Amino acid sequence: MKEEEPSIDSIDEETVDLRAPVKTLADKWLLVKAFLRVRGLVKQHIASFDYFVKIEIRKILKANERIISDANPSFYLKYLDIRVGTPSSEEGFNQLNEKITPHECRLRDMTYSAPIVVDIEYTRGNQRVLRHNLTIGRMPIMLRSSKCVLKDQPPAQMAKLQECPHDPGGYFIVRGSEKVILIHEQLSKNRIMISRNHKKELTCEVLSSTQERKSKTYIISKKRRYYLRHNQLSDDVPVGIVLKAMGFENDHDIVSAVGIEERFVAGMAPSVEECERSQVVTQKQAVEYIGSKVRTTRTWGSSSKPKEHEARDFLSNTMIAHVPAVDGNMKLKAVYIGLMIRRLMQAEMGESESDDRDFYGNKRLELAGSLLALLFEDLFKRFNSELKKIADKTVIKPLAAAFDIVKHMRQDLITNGLTNALATGNWNIKRFRIDRQGVTQVLSRLSYISALGMMTRINSTFEKTRKVSGPRSLQPSQWGMLCPSDTPEGESCGLVKNLALMSHITTDADEQPIVSLLFKSGVEDLMLLPWTQIHNEDQHMVFLNGLIIGLTKDPMRIVRIVRAVRRTGFVNEFVSVSTNAAQRSVFIASDGGRLCRPYIIVEDGRSAVQDKHIQELHQGIRTFDDFIHDGLIEYLDVNEMNDAAIAVYDREIGAETTHVEIEPFTLLGVCAGLIPYPHHNQSPRNTYQCAMGKQAMGTIAYNQRNRIDSLMYLLVYPQRPLVKTKTIELCNFEKLPAGQNAIIAVMSYSGYDIEDALVLNKAALDRGYGRCLVYKHSKGTAKKYPNQTYDKVMGPSLDPTTRKPIYKHAVLDLDGIVCAGARLEHKQVLINKHVPVVSVDPVTQSATGPSGSAMTTRNVEFRESPISYKNPVPSYAERVLLTCNEDDSYLIKILQRQTRRPELGDKFSSRHGQKGVCGLIAAQEDVPFNDLGMCPDMIMNPHGFPSRMTVGKLMELLSGKAALFEGRFHYGTAFGGDQVETVKDELARHGFNYLGKDMLTSGITGQSLSAYIYFGPIYYQKLKHMVLDKMHARARGPRAVLTRQPTEGRAREGGLRLGEMERDCLIAYGASMLLMERLMVSSDAFKVDVCSTCGLIGYSGWCQRCRSSQTMATITIPYACKLLFQELQSMNIVPQLRLAKYTDGK
Amino acid sequence: MPPVDNRIFMDHERVLNTHDANSDMASSSEPWSVEKYCERIRVEIVNETSDGMELEFDLIGVEAPIANALRRVLLAEVPTMAIEKIYMYQNTSLIQDEVLSHRLGLLPIRVDPRKFAFPLTKTIGINESGVDCDSEPPGDPKYNVIFELKVKCTKNPTAPKDATEPKDVFINSSVYSSEFTWCPIGDQETELLPHPAMVHDDILVAKLRPGQEIEARCHCVKGLGRDHAKFSPVCTATYRLLPIIKIKEEIKGEAAHLFQKSFSDGVIAINVNSNGEEVAVVQDARRDLCSRNVLIHEELASKVELSRQRDHFMFSVESSGALRSSDLVVEACKVLEEKTRDLRRLVSSVIR
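Residue numbers (UniProt numbering), protein chains in the order written: chain A, 1 to 1146; chain B, 1 to 352.
Every beta carbon over 12 Å from chain A, so not counted as near; a handful from chain B, in silico:
hint	residue
1	Leu120
2	Thr190
3	Arg324
4	Asp327
Derived contacts from chain B toward chain A, CB cut-off under 7 Å, selection only:
hint	residue
5	Thr18
6	Asp20
7	Pro65
8	Ala76
9	Glu98
10	Val99
11	Ala229
12	Thr236
13	Ser264
14	Ser291
15	Asn293
Everything labelled a hint here was simulated from the structure, so no lab data went into it. Fair warning: this is a prediction, and the values are worked out from it, not measured in the lab. All residues carry an ideal CB built from backbone N, CA and C; glycine is no exception.
With the hints as constraints, model all of the structure from the sequences given.
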């Protein structure tokens, strides 16, 4: 982007060419604001879930609406309707709490869910019964979705519900933890793809996906003959035979299905000939041929059908399953196969390239709604087959009361299936053989931005181990849809991506209105046209979601009509229409999962959005949706973008321009949007900041003090950045900031600042800079057991002499739970829980009644099982929560707090991927000062700049400094913002050096420094990595039980391993005694008695084998070595030790 | 040794002649005499605010180490009283105990530290086994000043119906530093005059909502800024060198106005000379903030020499409120004196 671009914040009148008909709109970014107000940052998740809950769930019901019994033909159950209710919780038996809030679920470790209710009609005996509102299970509810209590609540109401108004929602609360279903990226279904297989041969493949089936069909060529390949075929079948089996015996039809041009006719000749050679002429023969190839993989379903039926079933239902064979008419399928062959031929002849799998037009994003729909349908089918089984078993039995199926409907199958999948992230769908792990993740609440970033994350289904760069590299079609900066480093680099600010993911739209629109606007039905017309030169194929709808002679008319109708709002705004001249096709898409983005429509070189519209938007008369309804703005998906000429700025609009960008900064995502002047940084620095912004501590949400999270980092005094961006304003980062404006001096100081270390001013730390709060929680449950016993929480034990609580119980209240506000020291007990020794007692349970077991409870023995505080650094107990969870047991949560001031080794980072640790804390009087007497909060080494090339950081300092004196927050918006040119004048106006360099005096010598120092405020983030959580040393401590060697890891107070490389060094050096000391004496030295005659290990000076005590010697060996000998012995290998006196020498 | 050039020069990209050879006493061949040295030193008070809290004075004729020593002592080694130990009886506010304590500690207190002694022992707090102390110690009038904070927020019964602002709807919704009451111990009531108080009454300490309360007894002790910034007696104490602007060549006409704009307000005046031309003259170099922006303009850069006088320190001391700035400077000098005396004792003990 060019430097001279007029700033979007302050438009410079002079840059506008007066002759130009269009004037740059100053406040177009208001449209972004309006967009986000309507759509929100996580609208895609919510829209997808809403679609599932409202529409798709009904479709699933419709597809599985009837249960009939094989045993009794008169029995049936029919689902009439299905709904998801409002969130509630079951408190005990049949008690419904209708007023459940998401926050209560978080605190009480419950699932935020709503009942799924159905209306059914079924037979009971000879009666037909109608039942309404039967609960069949519970559905976890996405926060802020249409079913959530938070939907469209004003901030005041949100506060009442203890919810943060800035929280984006779009996640679930499952057993108290917040779970996000990540967006998954995959290839689009039902589209013809030409690609090369592992042998570099061209193939044509279609992944068909319908409600019932998923199947993959290939067309391949071998020796210039074409074959159809499918999983269910044991062998490749010549295409001619396939077409014949479909009822098209005529060779002319077969050839013209591919093309009537000379080259296609010639290309088909070998395939037609092959039919002849296999002596397949008639449909019957062809069907028999295919029947012999079809694999019958029927597991359940008893009847084995004749081969011909299998073949017909394969042709009509399995092969290219998404193309319907209405009433057995397979013409559509035949045309489709013909088209596949044609595309393959074209690619082979070099007329077209193979399709790009990384192109975003060929990708679909799978969201929470569609994943849940898959899971729900699977569970619902299981639920129904379970009911059917019961019906089959019981209907035949003569019973006193008529069989009532409702009594056998169990809710927990669906409830547990859904919650378990969400809780573990394991998506098991047996029907489609899907078994995916890690579909859900716990929402990262390190900072507000990390939560937002997680909601926009896209996971690729591509394997991480493969070393191909294609899927990882930046795709040009990503422009504006996915953030070019926000991707992790390392193994998943380029595979995990993030949505850009304005991108939207479509949900399925109804096809029917589009189909009728197409037919009305001149598309001819394929069924009615002769074969020769299909690939006629002036005929263009019209596709809808990968299906051939018909042919047209005027494709542009179709495109124009569809666009016009979409702009007027008569069809869904997300319908896209694009053309392909080489394939002579028009593609119309209304399916879900496409990436799209709003653009301003340009007509006759004039932007449709004019100043007056923006004015109206500003006044609140207009909303973003009005812009769409009025045809001023439309959504373009990646495919349609390819047909559009889009100007980035208004002044670039030419005669053929069709659209103009709303704001270029929206091509970045939320995380990259926080960076000021990102367009001046080296691109990997922006990527690093995207990763680090998620680790910055600050504020999480307005309800942060009501939360009891397992880990929460907060800043005591967070600040808004002096240099902000439009994205910062739009995503409310200013209201929930994570960082502080620090005064930085870019200079070398003390030598403790090499390698990116920072020098901090002690006085700044004294006054609260970088001070943070660390919250952790401990949790305990008091359960009830089947044998009528229950966990007890007991008061503190007293010291017998002083009558005061013992040290371990010093912080306990009389109820046995720590008192709020107490200071918790290492190993002190938080919850003094006692657990019954015997909790399962099947005898008492079955033999005696409740009275008998009450006898036993009286003399139950209890064992201590306290929850204690394990951290050498003390904490304070901030809050104690006593409640009950879903399993009806008591739940005790204790929130612990630490306040930390920055110390040596704590990590800080600016917003430009420049991280550093604190290397020195210098006293205020030692730190240099400027003429005003100001001393920096931080000193940063200038060597951080040349190699990193983070010019944005330099600009941030300059703008920040000017912001201080102007009293106005400055902007560092991408491709805009306050320009250096104006900022330097502002500085000069206030009597400062225009370069931002101040004259500093050394605090140590008192003399002026001989260099001018770049001095001013930069927004610094404190990252969660702190020395206090990492430092570790051990002199002695716990050992592992099995090997008696020191434990591993800081959490277990483990030792630092002297590994094999270190060992090699000691051997090479010849420090054998040191080696002995490290590897045995300080680790697991063990004295064993060894018999010098048989060489086996004995005990207490006795050899059991020799039955003697005369030959025993005591040696010291590592315990692990002794263990090895014994393990070998257990495997019938006898290790024998040959002993010799040390003094015997050689 | 005569001074080579007692100025440092502000070049476009760097500062020249910063090395201070004058303070390098060892290389001096002349015998050094205290009387002669002291004769050269001048102190001129430039400005003092009416409350005596801000003081500007010029210290002329000393080397940077001396001036810097004064600055450093003012920042870090002049004692003041600050809240050090807080006995929190109740804190049901939203603000955490530690954070509240930290905030209270930073409040400046108006009490003469000279009337107190440094605490000899560690203040009683958490005992060896890590348990907070059970009771508040009485406090010693020689070492402590005790303030009490006792605030409870309630609903305002007389609030107007349509009020929405917390300060109207609730009583004590914001706790200001004025809420502290001084609790005299021993004979402090009569001995300490004027009575100890907070320097500012309008510092926001915490915010409360109905039902929340803070009750704390704050024990102040005498301490040094080196230990914690809250004990520092000054907001800042600093100096800068006197700027010298030398116009080497006459700057006339349009250029003169540009020249004037390149400096801070009031630095350059424009006179009309005998030929009726406008000429830039240096009016008050003191006011210049040394932005060096004049050097941007190539035509002006050659006509001006920017420098600063190395032995002219323009001091600025802003007291944080316990003592007047002038007293602080005197106190700092006393500390400095004490330090030199210590040094002399140490040196002489080594020599002997």
